[in-house]
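Novice: With chain A fixed as given, assemble chain B onto it according to the hints.
In the order they appear, the protein sequences are chains A and B.
For the first sequence, counting from 1, position 353 maps to 353 in my numbering; every step adds exactly one.
For the second sequence, counting from 1, position 208 maps to 974 in my numbering; every step adds exactly one.
Think of the hints as simulated: they come from the structure by calculation, not from any bench.
Accuracy of the hints is not assured; some may be wrong.
Pairs of lysine-lysine residues, derived as PhoX-like cross-links and limited to a Cα-Cα distance of at most 20 Å, are as follows [what the hints assert, rightly or not]:
#, chain 1, residue 1, chain 2, residue 2
1, B, Lys768, B, Lys785
2, A, Lys435, B, Lys878
3, A, Lys435, B, Lys874
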Amino acid sequence: MTPANSAATERSVQPRDGDPEITAEVVAGHGLSEEEYEKVLNIMGRTPTFTELGVFSAMWSEHCGYKNSRPLLSLLPTKAPWVIQGPGENAGVIDVGDGYALAFKIESHNHPSAVEPYQGAATGVGGILRDIFTMGARPVAVLDSLRFGDLDSGRVRYLFSGVVSGVGDYGNCVGVPNIGGEVVFDRGYEGNPIVNAMCLGLMKREDLITASASGTGASLMTVGARTGRDGIHGATFASEELSEDSDESSRPRVQVGDPFTEKLLLEASLELIGSGAITGIQDMGAAGITSSASEMAGRGGSGVEMEMADVPVREEGMTPYEILLSESQERMLVVAEPGREEEVRQILEKWELEARVIGRVTDDGMFRVLEHGKVVANIPALPLTGGCPTYEREGIESAEIQALRNMDLTEHLTPEGDLTESFQRLLGSPNVASKRWVYHQYDTTVRTATAVRPGGDSGVIRIRGTQRAVAATTDCNGRFVYLEPKTGAMAAVAEAARNLVCVGALPTAITNNLNFGNPLKAHIYYQLRESVLGIAAACDAFETPVTGGNVSLFNETDGRAIYPTPVIGMVGVIEDVSKITAQAFQRIGDDVVLLGTNTGEIGGSEYLYVTASLVAGQPPSIDLEGERALQQAVLSMNQSSLIRSAHDCSEGGLACALAECAIGDGEAPFGLSARLDDDLRPVVSLFGEAQGRIIISCDPASTSDVLKIAESHGVPALRIGAVTEATDGFSLTVRDGSLSASVAELARAYFDALPNIMDASPATGG
Amino acid sequence: MKVAVITFPGSNCDYDLYKAAQQVGGDATFVWHRERGLAGYDAVLLPGGFSYGDYLRAGAIARMSPIMEDVTSFANSGGPVLGICNGFQILCEAGLLPGALMRNSSLKFQGKDVFIRVERNDMLFTSDYTEGQVLRIPIAHGEGNYEADTATLEALEAEGRVVFRYVDASGESTEDANPNGSWHNIAGITNAKGNVLGMMPHPERAMESILGSTDGVALFTSMAGSLSLST
Chain A
1 MTPANSAATE RSVQPRDGDP EITAEVVAGH GLSEEEYEKV LNIMGRTPTF
51 TELGVFSAMW SEHCGYKNSR PLLSLLPTKA PWVIQGPGEN AGVIDVGDGY
101 ALAFKIESHN HPSAVEPYQG AATGVGGILR DIFTMGARPV AVLDSLRFGD
151 LDSGRVRYLF SGVVSGVGDY GNCVGVPNIG GEVVFDRGYE GNPIVNAMCL
201 GLMKREDLIT ASASGTGASL MTVGARTGRD GIHGATFASE ELSEDSDESS
251 RPRVQVGDPF TEKLLLEASL ELIGSGAITG IQDMGAAGIT SSASEMAGRG
301 GSGVEMEMAD VPVREEGMTP YEILLSESQE RMLVVAEPGR EEEVRQILEK
351 WELEARVIGR VTDDGMFRVL EHGKVVANIP ALPLTGGCPT YEREGIESAE
401 IQALRNMDLT EHLTPEGDLT ESFQRLLGSP NVASKRWVYH QYDTTVRTAT
451 AVRPGGDSGV IRIRGTQRAV AATTDCNGRF VYLEPKTGAM AAVAEAARNL
501 VCVGALPTAI TNNLNFGNPL KAHIYYQLRE SVLGIAAACD AFETPVTGGN
551 VSLFNETDGR AIYPTPVIGM VGVIEDVSKI TAQAFQRIGD DVVLLGTNTG
601 EIGGSEYLYV TASLVAGQPP SIDLEGERAL QQAVLSMNQS SLIRSAHDCS
651 EGGLACALAE CAIGDGEAPF GLSARLDDDL RPVVSLFGEA QGRIIISCDP
701 ASTSDVLKIA ESHGVPALRI GAVTEATDGF SLTVRDGSLS ASVAELARAY
751 FDALPNIMDA SPATGG
Chain B
767 MKVAVITFPG SNCDYDLYKA AQQVGGDATF VWHRERGLAG YDAVLLPGGF
817 SYGDYLRAGA IARMSPIMED VTSFANSGGP VLGICNGFQI LCEAGLLPGA
867 LMRNSSLKFQ GKDVFIRVER NDMLFTSDYT EGQVLRIPIA HGEGNYEADT
917 ATLEALEAEG RVVFRYVDAS GESTEDANPN GSWHNIAGIT NAKGNVLGMM
967 PHPERAMESI LGSTDGVALF TSMAGSLSLS T
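Okay, chain A solo, but in the shape it has when bound (with noise of 0.2 Å):
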């Protein structure tokens, strides 16, 4: 490498010819405010140059550098005896036990797919699949959370069939199962999409490896594929509102994603890792060697000089701020054993890959870039990474959403026509109907450890050579979060652990992605923070700590926010993977069991908003300490092989959930016969959205043993019916009005909702 020794400490930093000058537009062009700007000029004791402008432009995003979010992201609970890794690392870790530990992360990739739904969702996937394997773990599982406006637009139609395909490309080709995830629809994500991607990887617990640069001396490696000129600033583009000609101007800011290299990248990094010539790995993700580079630098309280004519690049002419701020994919930082730098080259090239020495560890705390042994960026890095200026705002909540809030929904409970024909609506609205048309297009079963695949309320993943599984789930409705932010954010980390619960896992961390506006308006602002006060609560009432997440503020087209909508995945753990629930219905007499209390909450429902088009009313109420003895109870049924079926009600409520057991995967379908007194309106008994209930099926002779154990635990149960022959129908009967239709009927509404949508209408736009 060109020489860089101690000695470059002391030499001046001198503007490269033809950088442009650093004037007030230029400061505010790279998205730093004034103050944001005189703490760089604090810091730097001087003009920085345009290198190290773009550097201080890209860390001090919000996307990397967290500025609005970080003193609220503090309030969240992260220890627990079974956390091995908090936040700030790539990927937080668990011991699932037996000697394994599991590596999990949500990420955002809302921006780039907007613009680019293919690519933007695809490289979202990769990643998130660098974030774990940099921990050493192999990637086993993949989530994907998505939100799209409503199916009715051509171009929506054209983001959701694109990030679908771009989701599936990207991991069906890198060989990671797809195990569960969401879909939603709603105007609120119109022009925003939300594509959150989350994956789970497993490790023996001693081959954790950490993303820190120490031992000075040692060398900085990039392996991978080389650095071009794509991606330039996505991290800042990230952190902007979207326009109406985002479109075509920020195109060059979207990555290209190669999932083939990936995987090599993959096999080769496990490999080096096991290996034990590098101390340190970092996945070159927002903000490209800039961030690597820094943050393992501020982590490992050192310092790192790089050489940019060093870097591989794929074309001549680049300059150190390109080469720096590029995001191009599938590329790593490795910070080598001295000595050992031969041995990780030849395990790269083994699997076809370039790695390259491109500088060191030093003593010094400097953030050092040379260009032909010239230094054009010399910036501390701790300051660097963790001196960007955070704010904490003031929070107002909008007149208009509490007046929606607060809204009359007296007449929109009388349904116009029968209470069938609006069940049926419900069942093939987009939202509640399945999701085959998606996770028919990812492999769900490659690496033959897929216990429960899309479909369910959780996926669950077996490890090999032990009776232990791992169940992984992603929630939220943004519609209760936007209505009420507190109650929404409770209600979606209790909607999490149920939907574990329910397949029998122990909820037992959660990683978060925080999807949310532009947090410089006061509401929007009141939004988060309610939030994150919420998931909080919430966390602390289950003993779920935040292991880490990821921040997408700015979701607003034209000025328009989407729902604030922070997704919860959370991860269980499963110790005997034959005691796994099913979630459909398996046999024909078994009682039928409504777990917790059929409420008068209609607020923030899917039948508002399919019959009336209203996203409005009181988000359905949350009892944290009833949920978290609704979780006991259900656990504890699992444990003693009392019950056959569980299932969370969520959107659509109870009626859509006992039809969901009832149709199962469509192949061997149930009927039901059940009937409810309560004294509600029949709407809000069959389609209301309260929170804490599951419904389960069990063999007639453990209904009492089933609701004994639900009164130990202070959860209200009642027998509501029986499984059914298909043949004989379904039908739900409430004190004032009755539901009553062939299975059939049921579960065509149910899976050819999506298929006649996608398949029959053209996606337009792009």
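Specialist: Here is chain B on its own, set in the frame of chain A:
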């Protein structure tokens, strides 16, 4: 039974195939595509995945890997070769099986369980099945639409070289049961000698009830049984 599982850059079902072979008592070894020589192996398995990212055409680059010369001579000398999914595509590209796997007629990747019917059980790969048996096996592919010219298709049918066919749960070979548009609902074929089998569905993913099906086990026990008898 000593089996070689060939790993190409981008293979991603090599581990699953390795485990499946082990489950039936096979002695499995990963063989990297740049290695040479297959002497001493009783069978060669080409796994699924995306060798070379499916760039150019699925299997088109992998078939030029150094090891493929050895696979070809192994097959030509009568050694059993099983290619699953991308492995099937590579066998077609290498000319060890006729025809080609085109893009699915839906133009979408298809990942789900399908039913296939065992068309013949008089071969090394299928002896533990009964003829006409219906299997539940996962598929996961974007290019599984089997096509060949009319003469080849007629020969395949006339010579009984269609080993597996997509069917519905009751065993009927219908259009609805065909997940990818394959001609004649073809899911798997063999060569004239019957020692090379290519199939799109993944029997190695149907080895344990916890994974949803055990219908793939008999394919591996068939091989293990036949090979231990012959050696």
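Novice: With reference to the structure, classify each hint as holding or not holding.
Specialist: Here is what the structure says about each hint:
1. Distance restraint check for Lys768 (chain B) and Lys785 (chain B): the Cα-Cα separation of roughly 13 Å lies within the 20 Å cut-off, and the hinted pair is therefore satisfied.
2. For the given pair, Lys435 (chain A) sits about 13 Å from Lys878 (chain B) by alpha-carbon distance, which is consistent with the 20 Å threshold.
3. The straight-line distance between the Cα atoms of Lys435 (chain A) and Lys874 (chain B) is roughly 15 Å, inside the 20 Å bound, and the hint therefore holds.
The earlier numbered hints are all upheld by this structure, with none contradicted.
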